[in-house]
Every structure is written in C-alpha cells, then in structure tokens.
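**Student:** Using the sequences and the accompanying hints, generate a full structural model.
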Amino acid sequence: EEEKPKPAEEEKPKPVEEEKPKPVEEEKPKPTEEEKPKPAEEEKPKPVEEEKPKPAEEEKP
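FYI, the numbering for the sequence shown is 48 to 108, going by the working numbering.
These are computed hints drawn from the structure, not numbers from a lab. Among the hints, erroneous ones may be present.
Unchecked claim - Cβ-Cβ distance ranges computed for the label pairs, FRET-style:
# : residue 1 : residue 2 : range
1 : K51       : P78       : 49 to 59 Å
2 : V71       : K101      : 54 to 64 Å
3 : P76       : E50       : 53 to 63 Å
Heads up, the beta-carbon is just placed ideally off N, CA and C, and yes, glycines get one too.
**Tutor:** Rendered as structure tokens:
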C-alpha cells in the first residue's frame, strides 16, 4: 500500500485551459489604418510641367 504510485490526479497534465494560446484579440496586428501607405497625393511624381524638356525654340540648331 505504501509502494503504490501517487494518485493519477496528480500525474495528469494541467488543464487545457492553461495551455491554450493567448486570446487572438491580443495577437492580431495593429489596425490597418496605421499600416496603409501614405496618401497617393504625397507619392505621385512632380508635376509634368517641370519634367518636360525645354521649349523646342531653344533646342533647334
């Protein structure tokens, strides 16, 4: 009687409730509002008016 192993209740693993991962609410990424790129207005290239070549009048021989 003194040699028998401890009760199975002490050997069984801890409740699954403690093993389950944290709530998904804490794992989800930040709001997309913070991840979305800046407004296209800031990304668009400079006005074409500044990129166009000089007037043909100056380029002609």
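**Student:** Check each numbered hint from earlier against the structure, then list the numbers of those it violates in ascending order.
**Tutor:** Per hint list: zero violations.
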